[in-house]
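Participant: Let chain X serve as the given structure and place chain A on it in line with the hints.
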Amino acid sequence: MWKVYKYTLIDLARNKFVAGWMLLLLAISLGLFQLEDQPVKAMLSLSQVLLALVPLVSSVFTIVYLYDAMEFTELLAVQPLRRSKILSGQMLALGTALVLGALLGAGIPLVAFLPNGASFTLILACVMLTLVFVAIGSLIAIKNREKARGVGLGLVVWFLFVLVYDAVLLWVMFAFSDYPIEPWIVPLAALDPIDLGRIMVLLKVDLAAMMGYSGAVYEKFFGNVRGILVSLAALMAWVAIPSLFAFRAFGRKDL
Amino acid sequence: MARVTFENVGKKYGRMWALREFSARFEPGETVSVIGPNGSGKTTMIKCLLGLVHATTGTITVNGEPVGPDPKYRHHVGHMPQISRFPNELKIGQLIDLMDDIRGSKKGRAEGPLVRDLGVDAMMEKRLGTLSGGQRQKVSAVLAFRYSPSVLVLDEPTAGLDPLSSGIVLKAVREIKRTGCTVLITSHLMEEVEALADRVAYLQDGTLRFLLPPEDLLAATGQNRLSKAIPAMLISNTEAHVESI
Chain X
0 MWKVYKYTLI
10 DLARNKFVAG
20 WMLLLLAISL
30 GLFQLEDQPV
40 KAMLSLSQVL
50 LALVPLVSSV
60 FTIVYLYDAM
70 EFTELLAVQP
80 LRRSKILSGQ
90 MLALGTALVL
100 GALLGAGIPL
110 VAFLPNGASF
120 TLILACVMLT
130 LVFVAIGSLI
140 AIKNREKARG
150 VGLGLVVWFL
160 FVLVYDAVLL
170 WVMFAFSDYP
180 IEPWIVPLAA
190 LDPIDLGRIM
200 VLLKVDLAAM
210 MGYSGAVYEK
220 FFGNVRGILV
230 SLAALMAWVA
240 IPSLFAFRAF
250 GRKDL
Chain A
0 MARVTFENVG
10 KKYGRMWALR
20 EFSARFEPGE
30 TVSVIGPNGS
40 GKTTMIKCLL
50 GLVHATTGTI
60 TVNGEPVGPD
70 PKYRHHVGHM
80 PQISRFPNEL
90 KIGQLIDLMD
100 DIRGSKKGRA
110 EGPLVRDLGV
120 DAMMEKRLGT
130 LSGGQRQKVS
140 AVLAFRYSPS
150 VLVLDEPTAG
160 LDPLSSGIVL
170 KAVREIKRTG
180 CTVLITSHLM
190 EEVEALADRV
200 AYLQDGTLRF
210 LLPPEDLLAA
220 TGQNRLSKAI
230 PAMLISNTEA
240 HVESI
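Protein sequences appear in the order of chains X and A.
By numbering that gives the first Met the number 0, the letter at position 69 of the first sequence is numbered 68, and the numbering carries on one by one without gaps.
By numbering that gives the first Met the number 0, the letter at position 240 of the second sequence is numbered 239, and the numbering carries on one by one without gaps.
Heads up, simulated DSBU-like pairs for lysine-lysine below, C-alpha to C-alpha not over 35 Å straight-line:
id : chain 1 : residue 1 : chain 2 : residue 2
1  : X       : Lys84     : A       : Lys11
2  : A       : Lys106    : A       : Lys170
3  : A       : Lys90     : X       : Lys142
4  : X       : Lys2      : A       : Lys71
5  : X       : Lys5      : X       : Lys142
Please keep in mind that the hints were generated in silico from the structure rather than gathered at the bench.
As the structure is a computational prediction, the values presented were derived from the model and not from experiment.
Next up, chain X with everything else stripped away, as it sits in the complex:
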């Protein structure tokens, strides 16, 4: 696995897209911290941008990269290597490259301008969302033979998580506001990794007005620290479950 990881990472390190992604995040982060007079406000604006952009870029880049590497994957698959090692090397390298891009692009400005727990939580949320969407992107790329279909599906999944699911959750809350639905909100919110990332950050910032209903429920049920840990555990499950499906699908796939 580490051999595939090493050389995939070398390939990714020279990839202009990864460098571009880092520079874009750096420009957005520095821009927001320069524009806002209060660093907390800048961090909150940045969190909105990052929680939407990181999943989008991670999944689409993973899908495109894995499609483009298909012939190379075939070359690796005819070597004395288990398929699980090929995929784990590639996924880990993609995760490392994208996480490094996010850390250098957004992490450094965050730590420089607002070195507090909220910034570190936002960085952690970005890292986890990167890994979640690398896993989801890999699963999509493996399950679909056509690149256009794979990218389209990646965009649909992102759109569902970033916008549609939140709207549906809000509708459920309004529609069943007369019932004791709070206990249901915890698992329902955990079904959206982007929502989990948002909850993690807002629990740390402790701004009730921005927390939203699901964030408030997490705070009520778990308190700040436990709420963050539960969100983190749920995000880890979001990395593990699509990864497991991706490994299973790749093991059975006809290349």
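Facilitator: Just chain A, lined up with the frame of chain X:
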């Protein structure tokens, strides 16, 4: 013991059988040309052997080891695909290093068969993304022959190569065959088939129509060239089949 065996191997994509009840044994030191029209099942047969495609039915063995999830048997297999694409940003030398790492080879980059003959030693620092199709084929040929395979699978090995490089690759095929390597080669070029093949396997609609030495094919059809003998053989096969019905 046969080097490679296929027993009733079939592969179904959706409702369509790409390969049906394919059975054959390939011996050490034998070169078999696998030919047939487009979509006849040649690539599926090769991909089943390489473990890229999972056979729906039947079993395949290489040196007695079954082709399956355990990748050990691939230590003995070399493969040159028809179209080679590599990571754009890696250099040729780095790709060779990666393959050496995987295979546990201690060779230097410039050592090994074909590296100098095909001029790959002079291109080690070139990025793979900047290579032409022919140069990529040369790299692919180097990798296929590099680890002393006992089974070598070549898919249209001279497609995209200049005549000089084609000659070098075909010479290497003859040499590796002498070491006892079993070579499976797909080609649409009859001159290549005539020059290399100990036996010719003809596939059509996923079915093996015949697997014969070229001399037998010529004798059975009364032709003096394979390019004429193969169609004649197919016609006589079809007539015999119709008569049996």
